[in-house]
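**Q** Spelled out from the first residue to the last, the chains are:
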Amino acid sequence: MSQVKKTTIILFSGDYDKAMAAYIIANGAAAYDHEVTIFHTFWGLNALRKDEQVEPPRKKGFMERMFARMMPRGADKMGLSKMNFAGMGPKMIKDVIRKHNAVPLPQLIEMAQEQDVKLVACTMTMDLLGLQKEELLEGIEYAGVAAYLGDAQDGNVNLFI
Amino acid sequence: MSQVKKTTIILFSGDYDKAMAAYIIANGAAAYDHEVTIFHTFWGLNALRKDEQVEPPRKKGFMERMFARMMPRGADKMGLSKMNFAGMGPKMIKDVIRKHNAVPLPQLIEMAQEQDVKLVACTMTMDLLGLQKEELLEGIEYAGVAAYLGDAQDGNVNLFI
Amino acid sequence: MSQVKKTTIILFSGDYDKAMAAYIIANGAAAYDHEVTIFHTFWGLNALRKDEQVEPPRKKGFMERMFARMMPRGADKMGLSKMNFAGMGPKMIKDVIRKHNAVPLPQLIEMAQEQDVKLVACTMTMDLLGLQKEELLEGIEYAGVAAYLGDAQDGNVNLFI
Numbered sequence: 829m830s831q832v833k834k835t836t837i838i839l840f841s842g843d844y845d846k847a848m849a850a851y852i853i854a855n856g857a858a859a860y861d862h863e864v865t866i867f868h869t870f871w872g873l874n875a876l877r878k879d880e881q882v883e884p885p886r887k888k889g890f891m892e893r894m895f896a897r898m899m900p901r902g903a904d905k906m907g908l909s910k911m912n913f914a915g916m917g918p919k920m921i922k923d924v925i926r927k928h929n930a931v932p933l934p935q936l937i938e939m940a941q942e943q944d945v946k947l948v949a950c951t952m953t954m955d956l957l958g959l960q961k962e963e964l965l966e967g968i969e970y971a972g973v974a975a976y977l978g979d980a981q982d983g984n985v986n987l988f989i
Numbered sequence: 829m830s831q832v833k834k835t836t837i838i839l840f841s842g843d844y845d846k847a848m849a850a851y852i853i854a855n856g857a858a859a860y861d862h863e864v865t866i867f868h869t870f871w872g873l874n875a876l877r878k879d880e881q882v883e884p885p886r887k888k889g890f891m892e893r894m895f896a897r898m899m900p901r902g903a904d905k906m907g908l909s910k911m912n913f914a915g916m917g918p919k920m921i922k923d924v925i926r927k928h929n930a931v932p933l934p935q936l937i938e939m940a941q942e943q944d945v946k947l948v949a950c951t952m953t954m955d956l957l958g959l960q961k962e963e964l965l966e967g968i969e970y971a972g973v974a975a976y977l978g979d980a981q982d983g984n985v986n987l988f989i
Numbered sequence: 829m830s831q832v833k834k835t836t837i838i839l840f841s842g843d844y845d846k847a848m849a850a851y852i853i854a855n856g857a858a859a860y861d862h863e864v865t866i867f868h869t870f871w872g873l874n875a876l877r878k879d880e881q882v883e884p885p886r887k888k889g890f891m892e893r894m895f896a897r898m899m900p901r902g903a904d905k906m907g908l909s910k911m912n913f914a915g916m917g918p919k920m921i922k923d924v925i926r927k928h929n930a931v932p933l934p935q936l937i938e939m940a941q942e943q944d945v946k947l948v949a950c951t952m953t954m955d956l957l958g959l960q961k962e963e964l965l966e967g968i969e970y971a972g973v974a975a976y977l978g979d980a981q982d983g984n985v986n987l988f989i
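Residue numbers (my numbering), protein chains in the order written: chain X, 829 to 989; chain A, 829 to 989; chain U, 829 to 989.
Take these hints with a grain of salt, some might be off.
One copy or any two copies: either way a pair holds, since identical chains are not told apart in the list.
[As the list claims (entries may be wrong)] In silico SDA-like pairs for lysine to any residue, Cα to Cα no more than 25 Å straight-line:
# : residue 1 : residue 2
1 : Lys919    : Met952
2 : Lys919    : Met898
3 : Lys833    : Asp982
4 : Lys927    : Asp982
5 : Lys834    : Glu963
Simulated from the structure, these hints should not be mistaken for lab results.
Work out the full structure, taking the sequences as your base and the hints as a guide.
**A** In C-alpha cells, the structure reads:
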C-alpha cells in the first residue's frame, strides 16, 4: 500500500461552474503531490469534447446525432448550474473570471493535463450517448466503473460532483 | 478494524440519471466485495417508492398528500437532471439504454438488492414528507444520520449524489 | 496521524435543501466527536451571508452589485433544488419543518457554530463574486482550496454537496 495520497473525482455534472470546482480541486491536489483522477461520466463527459466539429469514423444513428447536437461541445460551451439566464450567466462568470485574473475552465483542463491529472472518459456513457474517441480531447484515458473503484478505494478524498 | 472495503452513497437527488449513477457505482462496488450502503434522503427517497398506489395505514394530512402526489412514485417515474424536456428526456434515455442493452434504473435497484447492497431510507425525511413504510419497497432498512455516519467513518469511498 | 475522525463537506450548492443536508450531516458528525469542516464555495457561500443589508467598506463594481442583488442574502432566503415553484417550495418545506419540530437551516447553522464545526468561506469565490467579510456571518474562517485539502486528506468522510 503506497503512501501517496489520492484524490478521485467523479465529474457527473455538465455545468460550467461545477466542472470549474472539480478542476480547481484537482489542480490543487496535484500541486500537493496527490495522484489525481477525474472520471468523466454522463453530462460531465461534455467537458472533454473537442470544440471543433469532428466527423466521427463510425456513422451516428438518429439519437446519437440528437445528443451530439444538443449537448455542449467542449468545456467553453457549458452552462451554469445556477443563474444561467438562457446562456448569459456563463458570459458574466467568464467576464468576472477574466477581470480577476482567475483561470477559465478550458485552461484549468490544460493545467490538469500538464500536472498529470488522469482524465478518464467513462466508456459506458460514451456508448450510451454515441460519443467516439475522435470527438474527445487527446491524451485522456478510457475506462469503466471498475477502474474508478480501483483508484478510489486506495484514496480518501473521493468526491462526486 | 475490519479489512472489508466499504462504499457508502448518500442519494439525495431525485433525478433518474443521478440515481442510475449511484446504483451503477453501488453494484460495481458490491461486485468487488465492498460492503455497500445507499442512504436515501430527501428526493432520493422517491427511488424507493413502490410504483403502485398504496393506501397507507396512517391517514395523510394535506401537505403529505400534496407531496405524495407531486413526487415521482418509484424509480421509473423520475426525471432527468439535464435535458428533461418536460418529461421526454427520460423516455429518450430509456430508449437509448434499451438499444444498448444497458440496465434501466428499476433493474439496477433489483440487482443491488440481490447483491446485498444495504438500501436505507432516511427516517427524518420519511417523517417530513409523510412517507410510510408501506409505501416503500420491501427489504430495505430504516435509519437516521447516526447510522449513516457509523457506516461512512469506516470506509473511504463516501459519495453524496 | 491523529485518531480523531474527520468529516469535511464542500458546500457548493446554494439550495436550501442541499444546505440543510450538509448541516444535518455536519451536526451529526460533530455530535459523534468528529472534527468537522464545511467549506463554502460558489453558491454555497450564500448560506453564510448576513440577512440584513450591509454597506461593505469597499465600494462594489457593477457586476459585484448585480451578484449581490441576485443571490440570496443568507440561509433563510435560499431556494430549493426541486419543486421550488417560483419560491413557494421553500415556504412549504419550512411549514413542514415547523410542524414536525425539525430544525430550519438558520438554526442548524447556529447549532453547528455552537458545536465548533469549522465554517470556512472560500476566498477565491468571495473575490469573484465581490463578497466582503463584513457581509458574512461572524466567527467563520477564510481559506482556499489548499486548506480544504489539508483537512480532507486526513479524514475519510469527504463530501461534495
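**Q** Next, verify each hint and record whether it holds.
**A** A quick look at each hint next to the structure:
In this assembly of identical chains, the alpha carbons of Lys919 and Met952 lie at most 25 Å apart only when taken from different copies (18 Å versus 32 Å within one copy). When the C-alpha separation of Lys919 and Met898 is checked against a cutoff of 25 Å, the pair qualifies both within a copy, at 19 Å, and between copies, at 16 Å. Proximity of Lys833 to Asp982 under the C-alpha cut-off of 25 Å is found in both arrangements, the shortest distances being 8 Å within a copy and 10 Å between copies. Taking identical chains as interchangeable, the C-alpha atoms of Lys927 and Asp982 are never at most 25 Å apart, the minima being 39 Å within one chain and 35 Å between chains.
With identical chains, the CA atoms of Lys834 and Glu963 are never at most 25 Å apart, being 29 Å at best within one copy and 36 Å at best between copies.
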